[in-house]
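Take the given structure of chain A and dock chain B to it, following the hints.
Those sequence lines, one after another, are chains A and B.
Positions 1 to 180 (the working numbering) are the ones given, in order, by the first sequence.
Positions 1 to 158 (the working numbering) are the ones given, in order, by the second sequence.
Accuracy of the hints is not assured; some may be wrong.
[What the hints assert, rightly or not] In silico DSBU-like cross-links for lysine-lysine, where the CA-CA straight-line distance does not exceed 30 Å: (1) A:LYS63 x A:LYS22; (2) A:LYS114 x A:LYS156; (3) B:LYS83 x B:LYS29; (4) A:LYS180 x A:LYS149; (5) A:LYS90 x A:LYS180; (6) A:LYS156 x B:LYS42; (7) A:LYS156 x A:LYS115; (8) A:LYS22 x B:LYS101; (9) A:LYS156 x B:LYS83; (10) A:LYS22 x A:LYS90; (11) A:LYS91 x A:LYS180; (12) A:LYS22 x A:LYS114; (13) A:LYS156 x A:LYS179; (14) A:LYS22 x B:LYS97; (15) A:LYS180 x A:LYS63; (16) B:LYS29 x A:LYS156; (17) A:LYS115 x A:LYS90; (18) B:LYS101 x A:LYS156.
Source of the hints: derived by calculation from the structure; they are not laboratory data.
Note that the structure is a prediction, hence the values are computed from the model and not measured.
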Amino acid sequence: MRSGLYMLPVLVFGVLALFFLKGLGLNPREIPSVLIDRPVPEMTLAPLPGRGDSRGLDTADLKGRVSVVNIYGSWCIACVQEHPYLVEIKKSGTVPIMGIDWRDDPVMGYAWLKKHGDPYERVGVDPPPGRTAVDFGVTGAPESFIVDKAGIIRYKHIGPITPDIWTRTLLPIIRELEKK
Amino acid sequence: MRYSLLASLVLVLAVTSPALAVNPDEMLKDPAQEARARELGKDLRCLVCQNQSIDDSDADLAKDLRIIVRERISAGDTDQQVKTFVVDRYGDYVLLKPPFKASTLVLWLGPFALFGGAVALFARFYRRRKAGAGLPAPAPLSPEEQRRLDSLLKESRQ
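If we strip away everything but chain A, and leave its shape as in the complex, we get (with noise of 0.2 Å):
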């Protein structure tokens, strides 16, 4: 017992202190999305009424350039936080933002933008059951996706965009994906 096998319960208390205080500062809401690196899903989404577009969102929409998808919904609190500053992204002309009216009465997903600014391209209305937002993967609104020249999600943001995480995250891969 010399062997310095009486420190092992220490020992292992002091390896799992370690993973139980880092799990304390990780987000249960931020599940690891499978759909990186791989296509948009196909989609043809109806467009949003009054909005004036004959059109919704398409898959063919996402191709050519990077883009960010942002889920939202009438009904969403967290994306009134954020959307200011979809506004001013929109205005700066940096990358074009497309939206889905998710789980959403169009009418209100209209006068929602109406009422606090429309920062997007085209959106697209995904009625329940939500079809596309399961074919992204959506576990909640807000949810956005920067997607590729080629139409390939790169990468997936989990809740509101604030300023902070735009030009310190979201920005450098977009530039990134640009140069490509």
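Chain B in isolation, oriented as in the chain A frame:
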């Protein structure tokens, strides 16, 4: 009196049986298919509540997934195909029972390895103790002590 008590008990139990998350309008007409959908729903995690299955959960996303699972079944998918469909979109995390594969070896075999290790440690410890090893060897008696011991032994013999 006794019967009315019993009747009221039955009534209370009937009324307080757990509510179903599955709405009647979601159900499939074919009872066998519906039963399969229920079983599948119990294995799939609700991504919103995370510790409930989609069969248990009242969350909107769970309802959507229940409907989509039923659509796949109606379209003729096997149970495995339905699971693959959901896992392709949400990853292994959506399965309440993690699959047994290379990346989950530690998860599945870790407890057995720990238990085996503990048994081995105890076995070693007890074998050593039985053999008397591990205990410090007693120091040899000094000549003075030896003389005392001899005299004591002699005394007791008399």
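Sort out which numbered hints this structure fails and list those numbers smallest first.
1, 10, 12, 16
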